[in-house]
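A.B. asks: Since the structure of chain A is already known, use the hints to place chain B on it.
There are 2 protein chains.
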Amino acid sequence: MDVTLPVGLTRNDDGITRACEALQTRFGERLSRGQSLREQHGHTMTWLKNQPPDAVVFVQSTQDVADIVAICAEHRCPIIPFGIGSSLEGQLNAPIGGVSIDFSQMNQILKVHAEDLDVVLQPGVIRTQLNEHLRDTGLFFPIDPGAEASLGGMAATRASGTNAVRYGTMRENVISLEVVMPDGRIIRTASRAKKSSSGYDLTRLMVGSEGTLGVITELTIRLHGIPEAVAGAICPFPTVEAACNAVIMTIQYGIPVARIELLDALQVKACNLYSKLDLVEEPMLLLEFHGSEASVKEQSELFGEIASDCGGGEFKWTTDPDERAKLWKARHDAYWSASGLRPGTQIFSTDSCVPISRLAECVEETRLDIEETGLIAPIVGHVGDGNFHVGVLVDDNDPDEIERAEAFAGRQSERAIRMGGTCTGEHGIGQGKMAYMRKEHGDAVDYMRAIKQAIDPQNIMNPGKIIPA
Amino acid sequence: MDVTLPVGLTRNDDGITRACEALQTRFGERLSRGQSLREQHGHTMTWLKNQPPDAVVFVQSTQDVADIVAICAEHRCPIIPFGIGSSLEGQLNAPIGGVSIDFSQMNQILKVHAEDLDVVLQPGVIRTQLNEHLRDTGLFFPIDPGAEASLGGMAATRASGTNAVRYGTMRENVISLEVVMPDGRIIRTASRAKKSSSGYDLTRLMVGSEGTLGVITELTIRLHGIPEAVAGAICPFPTVEAACNAVIMTIQYGIPVARIELLDALQVKACNLYSKLDLVEEPMLLLEFHGSEASVKEQSELFGEIASDCGGGEFKWTTDPDERAKLWKARHDAYWSASGLRPGTQIFSTDSCVPISRLAECVEETRLDIEETGLIAPIVGHVGDGNFHVGVLVDDNDPDEIERAEAFAGRQSERAIRMGGTCTGEHGIGQGKMAYMRKEHGDAVDYMRAIKQAIDPQNIMNPGKIIPA
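Residue numbers (the working numbering), protein chains in the order written: chain A, 14 to 482; chain B, 14 to 482.
Only chain A is shown next, with the shape it has when bound in the complex (with noise of 0.2 Å):
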């Protein structure tokens, strides 16, 4: 199935030409339509087809963007906005064509503040820019989706990583955003108050709509203060069930884990070759403690004892820096790990997340049906939150095996809505997904829509993702 053709969807071949003209006309060189650029442009990460746009235009200001949506409103033209191309679903593919919108030039940190712990800056800063910048501070941003991630892109897609279990999701810390909407208006969704009740949540419905009902112009986003002290932790378990019983225990406790990341034995398999480690050979949870030297000596403690309780193997915890890097050298390089198993391979990830009493259950399930398929897939979790990854090694030149590895695939966004889940815990839809939006959502998608259609009525907000035909 090319989940990237669009149902009910149609190329307008004229209305692109002419906003393309127009778009010349104001942007002159800020524009391009070289063909390497628009296919690096389109989507260039899973086994998704690259449809680029027509189009890519350099934005470098709101007045910028609200001036392409004008143009582009006027013509009915496509708009696809893009950060820096990390996305995973198929996020950035123009199936009816359009116009690119690049944010690379819009990447100010506008102004902290430190007192508010907040910052208010452009789509195009890349997280680490961020904290790169933040670093004198004593304050940094949290959410860590592995990925060189822009945070506009990140806002867009409800992105998140292996520390949202303490620091929450970009829906917990997206404050406010200015948004050009789909008829060239500029809005921003909420003031920079802490909370509010003031009116519907603009905020949290801008995030997690991946372009499809406006552009992200600027975002003011939530700081946190950097921990007095940093632990990190590991510690192997005999079963994948005894691994989340201990996570359970952990999060029941009220232990603040800043992380706690799940591999699986293949994954520690795999690091062992890839990384020249001698871990124990079974699934293995990987802490990290945020706090005062006394409350992360605690923490480590407490949780030791859970897991010990959990029958638990060796558990070695560190705040020494050096050594925690040593601790946690299996999950850094899990992905090149991965890829190592399989040389040649591209690795394809599903992202399932369930409620935390049925995770062990989904990952036993996804284990059996791994070698059913007779495929190779090594399994990383950020297991707080019941979220995890089957990394699927697909060679990208056999189509039998793509085809196997999009069936396994399915099955895993369809297991985890039956044990009371999502498709996608910080994925998200795009195209990939959008087969499994009814059986998740039942109704719930035809508000959706409605919703879509009220916004942008000529569906030019990067057509063809999130809501099924």
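Simulated from the structure, these hints should not be mistaken for lab results. C-beta atoms are modelled at their ideal positions from N, C-alpha and C, and glycine is treated no differently. A couple of the hints might just be wrong.
What the hints assert, rightly or not - Cut-off 30 Å, straight-line C-alpha distance, at most; resulting in silico cross-link-like pairs (DSBU-like, lysine-lysine): (1) K289/B / K339/B; (2) K329/A / K289/A; (3) K452/B / K124/A; (4) K124/B / K452/A; (5) K310/A / K282/B; (6) K289/A / K342/A; (7) K329/B / K282/B; (8) K339/B / K329/B; (9) K310/A / K310/B; (10) K329/A / K339/A; (11) K452/B / K329/A; (12) K452/B / K62/B.
To be verified - Here chain A is said to cover these stretches of chain B; the calculated rule only asks that three of the stretch's residues, wherever they fall, bring their Cβ under 8 Å from a Cβ of chain A: (13) 185 to 199; (14) 209 to 216; (15) 231 to 241; (16) 262 to 275; (17) 305 to 314; (18) 451 to 457.
C.D. replies: Relative to chain A, chain B alone:
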């Protein structure tokens, strides 16, 4: 200005009559048209005029609600969901008549998922009832808006209260909702997964929508572990600014304070009179720390140092429950002690919320305004969030005084908006704050209206609230 007179809305007499007849047939004695019951189901909490519904139906199931909505949709009859009646901005009024849905008989706690730290319950559950039910599980629901509120109402108004600074508001603590939509269909807004990137965030759209987009019939909300230890603390400060500086430093330092409340000098005086205390009549911070024994000791001592650095007076803290209750007595009795300042009057509360960097300035400006206006109005604030309430003591029988109080409340809304905040941190818009929606949100109001029209094209869901004409 009578804000309860709806602009552009007209009463549909025939439709309401026909709907009530059909409902009478369907619900029999569970429908009531008695005047005093109807008046109790309109707004009763502030100077906003009571506008009773035409009938009250006591529901017992989601299907009851779906049937009501189907009947009312057929006859274009307004629907106003009613929890327990504690809202403050006229959310329960029926300006063009209609049917109040009373949830007091839908108050079952359906399922506690202790491993997942969530609970599924009906909208009529009262928060104290929930915590009573949870007592033996080691879990609790922290959000405490002060009133005996229903969970359905708290979700509908995006409520919070004293410990939002640590545990968040209803925005962060609602996982999923079952909602009867304006066309009578029943949807679930999300799965039980802790996080998700799947489609538009209908949960957050419903939270805070005050019954204008649908009727909440079931909630899944987050629970938290009861902390091993709780410390209470109190400290006077020479000025509000000094107290606010201590709050800012506390939060910047990352002390995970559970509550941090400000009383101004007048409120402290009121507490001394009412509760027979001998507190210094200066601005006062009251705090609560949650954690392990060691952690709450560390937090309390750290705060003590910060308070001292900021010019605070005598700092007291304790983990002993009786002593803690004594320290916090001033806060617990704040409402009644404020009334005691001027017996025979009612308290009408404002609800400003500003970035914490502007809090001291906002409180000081407010204090000057109160003095100029000649009102008696102590201040209590959830200052960790930048949220504070002015409790204006108003003689209900003095129209001139009501007018001055209303004018003051209006300036208070505008002041918060001007300082980058919101006119309502936790009470909602209802009828009382509609006039400030455009000032606070600008053109964003138009997209809220577009969403409202898309989802509720007949405008039968709590019409005349939130969205100005």
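A.B. asks: State for each hint whether it applies.
C.D. replies: Consistency of the hints with the structure:
1. K289/B / K339/B: OK: K289/B and K339/B at ~11 Å, within 30 Å.
2. K329/A / K289/A: Distance of about 18 Å is within 30 Å: holds.
3. K452/B / K124/A: holds (24 Å)
4. K124/B / K452/A: holds (24 Å)
5. K310/A / K282/B: violated (43 Å)
6. K289/A / K342/A: holds (10 Å)
7. K329/B / K282/B: Status holds; Cα separation ~19 Å.
8. K339/B / K329/B: holds (11 Å)
9. K310/A / K310/B: OK: K310/A and K310/B at ~15 Å, within 30 Å.
10. K329/A / K339/A: holds (11 Å)
11. K452/B / K329/A: Given pair K452/B, K329/A is violated - Cα atoms ~56 Å apart, limit 30 Å.
12. K452/B / K62/B: Status holds; Cα separation ~24 Å.
13. 185 to 199: Check passed, 4 qualifying residues.
14. 209 to 216: holds (count 7)
15. 231 to 241: As far as the segment 231 to 241 of chain B goes, the hint holds, because 4 residues have Cβ atoms under 8 Å from chain A.
16. 262 to 275: It holds: at least three residues are needed, and the segment 262 to 275 of chain B offers 5 whose Cβ sits within less than 8 Å of chain A.
17. 305 to 314: holds (count 4)
18. 451 to 457: Per the Cβ count (5), the hint holds.
In this structure, the earlier hints numbered 5, 11 are contradicted, and the remaining ones agree with it.
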